[in-house]
Amino acid sequence: MAAGPDRVTGIEHAFREEWGAVVATLARRLGDLQAAEDATAEAFAAASVAWARDGVPPNPGGWLTVTAWRKAVDTYRASGRSTAVDPTILNEVTEKPEETVMPEPLGDDRLGLVFACCHPALAVEARVALTLRFVAGLTTRDIAAAFVVPEATLAQRLVRAKRKIRETGIRFTVPSSPAHLAERLSSVRMVVYLVFNEGFAASAGAALVRDDLCDEAIWLGRLLRSLLPADPETAGLLALMLLHSSRRAARLAPDGRPVPLAEQDRALWNRTLIEEGSRILDDALELHSPGPYQLQAAIAALHASAGSYESTDWPQIALLYRALARLDPSPVVEVNRAVAVGMADGPLAGLAVLAPVLASGALSEYAPLHAAHGFLLDKAGDPERARGAWGRAAETSGNAAVRDELLRRHEID
Amino acid sequence: MKYALLIYTETSGEEYHRITTGLRQPGAAQGPWTDYTRAAREAGVLAGAEQLAHSETATTVRYTDGPPLITDGPYLETKEHLLGFYLVDVDDLDAALDWARQMPVHPGQTVEVRAVLSGMPWQRALTE
Chain L
568 MAAGPDRVTG
578 IEHAFREEWG
588 AVVATLARRL
598 GDLQAAEDAT
608 AEAFAAASVA
618 WARDGVPPNP
628 GGWLTVTAWR
638 KAVDTYRASG
648 RSTAVDPTIL
658 NEVTEKPEET
668 VMPEPLGDDR
678 LGLVFACCHP
688 ALAVEARVAL
698 TLRFVAGLTT
708 RDIAAAFVVP
718 EATLAQRLVR
728 AKRKIRETGI
738 RFTVPSSPAH
748 LAERLSSVRM
758 VVYLVFNEGF
768 AASAGAALVR
778 DDLCDEAIWL
788 GRLLRSLLPA
798 DPETAGLLAL
808 MLLHSSRRAA
818 RLAPDGRPVP
828 LAEQDRALWN
838 RTLIEEGSRI
848 LDDALELHSP
858 GPYQLQAAIA
868 ALHASAGSYE
878 STDWPQIALL
888 YRALARLDPS
898 PVVEVNRAVA
908 VGMADGPLAG
918 LAVLAPVLAS
928 GALSEYAPLH
938 AAHGFLLDKA
948 GDPERARGAW
958 GRAAETSGNA
968 AVRDELLRRH
978 EID
Chain V
648 MKYALLIYTE
658 TSGEEYHRIT
668 TGLRQPGAAQ
678 GPWTDYTRAA
688 REAGVLAGAE
698 QLAHSETATT
708 VRYTDGPPLI
718 TDGPYLETKE
728 HLLGFYLVDV
738 DDLDAALDWA
748 RQMPVHPGQT
758 VEVRAVLSGM
768 PWQRALTE
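Chains as they are written, first to last, in the numbering used here: chain L, 568 to 980; chain V, 648 to 775.
Note that these hints are calculated values from the structure, not bench results.
Computed from a predicted model, the values in this text were never measured in an experiment.
Some hints here could point you the wrong way.
[Claimed, not checked] Incomplete in silico selection of chain V near chain L, CB under 8 Å:
id, residue
1, G660
2, P673
3, T704
4, T706
5, I717
6, D719
[As the list claims (entries may be wrong)] In silico negatives: residues of chain V with every beta carbon more than 12 Å from chain L:
id, residue
7, A676
8, W680
9, Y683
10, R688
11, A694
12, F732
13, Q756
14, S765
15, Q770
16, L773
Glycine is no exception: its CB is placed at the ideal position from the N, C-alpha and C atoms.
Chain V on its own, in the form it takes in the complex:
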């Protein structure tokens, strides 16, 4: 069964940009997330992982009566922003929570674990 591990942080756009820029420098340390990702992959549970640009750079499409409206900014203006996610394929929630617990997150960050629905009709189009 698949679970999405959604990682939230309160880091500001400015700070997040500084951190991600630093991590991209050549010679920057590999860091604990590399180890975590490798461990998940070697354990055969990793179904996907992505890191997102800060929600400050989000664009929202709102559907109203007229044509969809494009606006600058996230759907919800919150202090927390979704930083990225891992998709893990494990036996049960306990196993997913274990992978969540092992994440090298900082104090103040939060990981939300959401089960992925399977057997939905639209999903057939993914593999046909």
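Same shape as in the complex, but just chain L:
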């Protein structure tokens, strides 16, 4: 994939990772993301002076963490307030650097930060904003631009969320009970996948694909997997994002028009991503604990390995959608299953799967429902009704590029 000028460089990410690691360690000790962020900012400012003068220390991360910790301790002592997490903070000695008690770095500080940022007690938009800000290290301005909201709105969302974390005692730790861990982990995965989907099928704005968000989500997926190597669904999520991502270059025509899966030039699919995604998926499946992300990744892998749309293993895909519907019933899954059944067993069978979804009206504003309906009606030889369905698909699509393409293809004015 071509790297555009806006793509995140490795150095930037390395810097952001260092920043995120310091914030994570301080947040765990302070229970306060704002205080951790402020102290880390001071430490980075101090580094720019000290390192220019004395050279970069042998352990830059350790230097930054100790410096940030001292700054935080100073702030707490000046205010005379303790923290809920660490009541002894006021007794810490900061005048003598050699006596500063190092915040013991824990391997899972980053993970604790992820769990706090994705706590289900926070609004979903707040979870997304916190995760991108503090785990991925994006600036408030970048996140606001990515989600097409005013920067002030996003900043306010972050301020409130940080306050809620501090005042309600959300801890920066990994939940210890298995039941809590499962619930909280599913929120973490949801947040990462939400970021990916916003990038992969941008619902706001004119562009179809927002590479920056896809890349951030994959980066988060890799981080999560490195922190939770034994969790099959976390691996499934990463595999799913990589496999979807492999098609990015083929999803847009040179003139920017979206290209449906059936017509994509499969030579443009990124083999490296397909191989990596498939390998991660295979490893996950060996753990014999299937879940929605692994199933979706398995479907994406079947698409990725097919030579053409027609020769895709549609019966297998239809079965996987059925398994997915059983695990996680939703009308959206039924829409996808209808297309797969339509390809496997003929358009009438597909329309039969779609009928209850259309009748329920639950997804009447969901463009892919109408697109699937149009597709199956076309295949069934009913162009008149198909055109009506395509018209509804265009009406309900929030994405300008998709809407224009639907109107053009189906010659709808």
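Dock chain V against the given chain L, drawing on the hints supplied.
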């Protein structure tokens, strides 16, 4: 008989945070609430008192058919939020209302007085 004196305010989350932060500063004035609390305690009527974080930071657990659903925000989105409460143990409602009237609340704030039920079976577990 016990009464809960529930103190409501229309202060926004932002403003409330600013005020509570200021009050926590070392050297911040003790203020009228300290005097009120001391008076209630010395009169032997104080059974408890707490101040709450702003309702903006509330988390709500909703019970439906499936597993309980956790959502961000208060049960009711209202302008007024419950700021805190005193639990007073006095002879009758008039005495409870007297303690409510003495509260150093600001104009625009409201105190709701609610009697506490006693003799409920579950309450035995409190002291067993």
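- Proposed interface contact between V:G660 and chain L, which counts if any beta carbon pair is under 8 Å: Since chain L brings a Cβ to about 7 Å from V:G660, closer than 8 Å, the hint holds.
- Task: Please settle this one: V:Q756 was flagged as non-interface, so is its CB more than 12 Å from every CB on chain L?
- Result: 20 Å, holds
- Message: Checking a non-interface call: every C-beta of chain L should be farther than 12 Å from the C-beta of V:W680. Is that right?
- Response: 18 Å, holds
- Query: Can the hint on V:P673 be confirmed by a CB-to-CB distance to chain L that is less than 8 Å?
  - Reply: Holds - the Cβ of V:P673 comes within 8 Å of chain L, reaching about 3 Å at its closest.
- Can we keep the V:I717 interface hint, with Cβ of chain L closer than 8 Å? Nearest chain L Cβ about 5 Å off; hint holds.
- Query: So is V:Q770 really clear of chain L, every C-beta pair being over 12 Å apart?
  - Reply: Nearest chain L Cβ is 27 Å from V:Q770, so the label holds.
- Taking the closest pair, is the beta carbon of V:A676 still more than 12 Å from chain L? 15 Å, holds
- Message: Is the claim that V:L773 lies outside the interface with chain L correct, judged by CB distances over 12 Å?
- Response: 24 Å, holds
- Decide, holds or violated, for the assertion that all CB atoms of chain L are farther than 12 Å from the CB of V:F732. 17 Å, holds
- Message: Next item in the hint list is V:T706. Is there a CB on chain L closer than 8 Å to its CB?
- Response: For V:T706, the interface hint holds, since the closest Cβ of chain L sits about 4 Å away, which is under 8 Å.
- Task: Report holds if the minimum CB distance from V:Y683 to chain L is greater than 12 Å, and violated otherwise.
- Result: 23 Å, holds
- V:A694 clear of chain L by more than 12 Å, beta carbon to beta carbon? 25 Å, holds
Consistency with the previously given hints is maintained throughout, with no hint failing.
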